[in-house]
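2 protein chains.
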Amino acid sequence: MSAHMPIGRMPMEAALARLAAIVGDRASIAAGVLADHGRSEAYHAARPPDVVVFPETTAEVQAIVNLCRELALPLVAFGAGTSLEGNAAALNGGVCLDMGRMNAVLAVHPEDMDVVVQPGITRKQLNSQLRDTGLFFPIDPGADASIGGMTSTRASGTMAVRYGTMKDNVLALEVVLADGRVIRTARRARKSAAGYDMTRLFVGAEGTLGIITEVTVKLHPQPEAISSAVCAFPDLKAAVDTAIAVIQSGVPVARIELLDAVMMRGMNLHAKLGLPEVPHLFFEFHGSKAYVAEQAETAQALAAEFGGEGFQWATTPEERSRLWQARDNTLYAGLALRPGAKAMITDVCVPISRLAECLVQTAADIAESGLTAPVVGHVGDGNFHLLVLLDPERPEELAHAKAFNERLVHRALALEGTCTGEHGVGIGKMDFLALELGETVDAMRLVKQALDPHGIMNPGKIFRPLPASHGDAS
Amino acid sequence: MSAHMPIGRMPMEAALARLAAIVGDRASIAAGVLADHGRSEAYHAARPPDVVVFPETTAEVQAIVNLCRELALPLVAFGAGTSLEGNAAALNGGVCLDMGRMNAVLAVHPEDMDVVVQPGITRKQLNSQLRDTGLFFPIDPGADASIGGMTSTRASGTMAVRYGTMKDNVLALEVVLADGRVIRTARRARKSAAGYDMTRLFVGAEGTLGIITEVTVKLHPQPEAISSAVCAFPDLKAAVDTAIAVIQSGVPVARIELLDAVMMRGMNLHAKLGLPEVPHLFFEFHGSKAYVAEQAETAQALAAEFGGEGFQWATTPEERSRLWQARDNTLYAGLALRPGAKAMITDVCVPISRLAECLVQTAADIAESGLTAPVVGHVGDGNFHLLVLLDPERPEELAHAKAFNERLVHRALALEGTCTGEHGVGIGKMDFLALELGETVDAMRLVKQALDPHGIMNPGKIFRPLPASHGDAS
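First to last, the sequence lines map onto chains A and C. Count along the first sequence starting at 1, add 25, and that's the number in this note's numbering. Count along the second sequence starting at 1, add 25, and that's the number in this note's numbering.
Honestly, I wouldn't trust all of these hints.
Same chains, same names: a pair is fine if it fits in one copy or spans any two.
Under the rule of at most 35 angstroms between Cα atoms (straight-line distance), these lysine-lysine pairs were calculated in the DSBU-like manner [as the list claims (entries may be wrong)]:
no., residue 1, residue 2
1, K149, K297
2, K243, K427
3, K314, K297
4, K262, K314
These are computed hints drawn from the structure, not numbers from a lab.
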């Protein structure tokens, strides 16, 4: 029996009865529930599972994994449903594990500045529970993603330039392996050289190597002071050069986001910001009052050198929150430029020295291809997104957008970049991964085959299986 | 033929002739050369290889790997020889790859703040070549280790509290796999979500999964100002509590090192520091002039709250360098307490909230067991070392020290810690690793078997092979 055979061809009642024996009535085949777990925030076609289960404990997850292995059922973990590359699409049907009920904070360790959570908790839920501790969890991908999902896609977002990505902030994981064993990848010590870095192996594995059931993440002190500002630039290159100069100066900028003129138009439409429709940098600085002032002063001086104008400070928490909420909503701001459209969201990341070049070439490509594609970028990391607006019902638009994205990825790879800075591979970047890393992908396949020999864990993602492993599930 | 069969039992001349065909006269079986590549800086017995080769290119390394696979010869990469857990011991003889000639800086990218190097370059060589760039490589494990060796043991050291460990600073690797393929684990972009984190898989793998032939590491801006200070404390707990308070305050302390009274005596003997022989914290702050002053002020105020006395500032570069050189030489300072002794260097790391407890219990154990074992610790990370002084020629001393270390590791594990914060597993921590991570070690073994099915890569390190893989090398 192949792991790629959809559950529909199996004795469905038997499988459901076995699942019900594990989770009781927390299994659903209701059409609405299946649809909710199969659709995508981006342009990918809906791929619903055959059944959605809502586990509440690691033991239940373990029992489900054992069942799926026995019945050769595909198993896809599902967090908040905010991934962008079809990372949780149930390509072969099977069982979707909705982790939403496993959303408890298990232990807060203020002195150690870490927290142990179940994977279904979202980042906003977590931060709301941490409010009184003086600590916070800084990774902010925009959407209110789950911590498990963010771990699995190696998410990052606006504050990665200061606080790192999920790779830098996950201390330890509890994982149910495909063979049913429950492992803990590391202790809670701040660092360790104890063997292979199994924690980092599961961070970014998109659920293809095991199911994450517990996550220990680092926390950071809530800054004494926060200051935000926006600054307009004559062109993209001036904005990028400013970002490079700020980072090289050693200013630990907390956020430094680039928005192009088209995106500013969308944001004005969507959030009524009333800002000039030219390239902007959005800054945020964290630290003591004096240090924040010093950082801001340095950044402002550097921006002025590159023609930055109209440094505007958001001094109250309300203004700040309005600004960053607008930034977090760039997807909707972008969509405001073409009501009814969907977005193909690109995700290349290049060395920052090549960023201006990449952006300028891409702007020319956009102009030539007649696309509407606003830009928003985590410019401190060299990572930027284009929201390529399209009507997914019109195949020629989708093909046009895909061809543009392919040119973009080739351009980024030629500049020593990556096809995905933070969204993961899912199904959308599979072919680009091979272009980017060549035979390294074969080494990934060897790891996959070693840890999931029957291919039950989120099959069909990241890479296609090795030919030899096709259909050999027992 | 087993990979564990020493080369001595093989047609040695044939193997040497094949090696000579690859590296010419850069292969040696001279007794002194073999001994140099088999001995340990710590207490482990010498385990020399059968032959040492000095490759100069990735292509040569690749040819050597292919030869070793064909002949089932163990292959051990060797950097600067400063590892502490027998990580590069040639347990089964075979070929030692001395990477010392592959020590070039291949590309500096100042705007991107990264550098591409060959693995044999040492950290001091690298920093000396970077001097005029305004950037530096901050990871400082004390010894002048090679970048390849530091990568392979996931090294960290005194500045990890501010700049992270090797895991956080390696951007990409070129690796020769056991099957002879040369892979590049990532592009030079600052972050990526492109599939499994193969970079981090090789960081800390101690040469058991492949031979690293190129390393891209992050650089950091040379701080505008640096300030160092020492502060005496009434007891260990007061020093640890100060460290916790400093870190929780958000001060990005660059180094915060704990030295106990015994270690201070050793340092006075060895470096004539003339400091009181009570527990001390050594601090270093990096940043702008104003920010360094602010950080130092905050730390000094916090230290005073916990009874810290006599904050002494090293204001000139010379004083600072004298201070940190003394700290870097704690191994020799410790040995000064018992001339002629060797040191067993322990390496546990616990959550910082448990550090005082761990240190106090350990101090009681030392007192009871009559050992001389000065303490030096990266207290910001919860990682500390004891230099257990012993005469390795006296088996009862070695046994006594080993029993003490075992109690220490059990203590650290009970406090959610790890047996090794930064030295790696090598041969010294193999049994502790299983205690620490349980079945996670089996998952590591599966990865090892997938990437090195014939067990030629640094065999006998980190964990013992799965029974099924014994002797199945072709």
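Each hint tested on the structure:
1. For the identical chains of this complex, K149 and K297 are intra-copy neighbours only, at 25 angstroms inside a copy versus 54 angstroms across copies, given an alpha-carbon limit of 35 angstroms.
2. For the identical chains of this complex, K243 and K427 are inter-copy neighbours only, at 33 angstroms across copies versus 38 angstroms inside a copy, given an alpha-carbon limit of 35 angstroms.
3. Taking the shortest alpha-carbon separations for K314 and K297, only the intra-copy value of 30 angstroms comes in at or below 35 angstroms, while the best inter-copy value is 41 angstroms.
4. In this homomeric assembly, K262 and K314 come within 35 angstroms of each other (Cα to Cα) both inside a single copy, at 31 angstroms, and across copies, at 31 angstroms.
Going down the numbered hints, you'll see the structure goes against none, and every one checks out.
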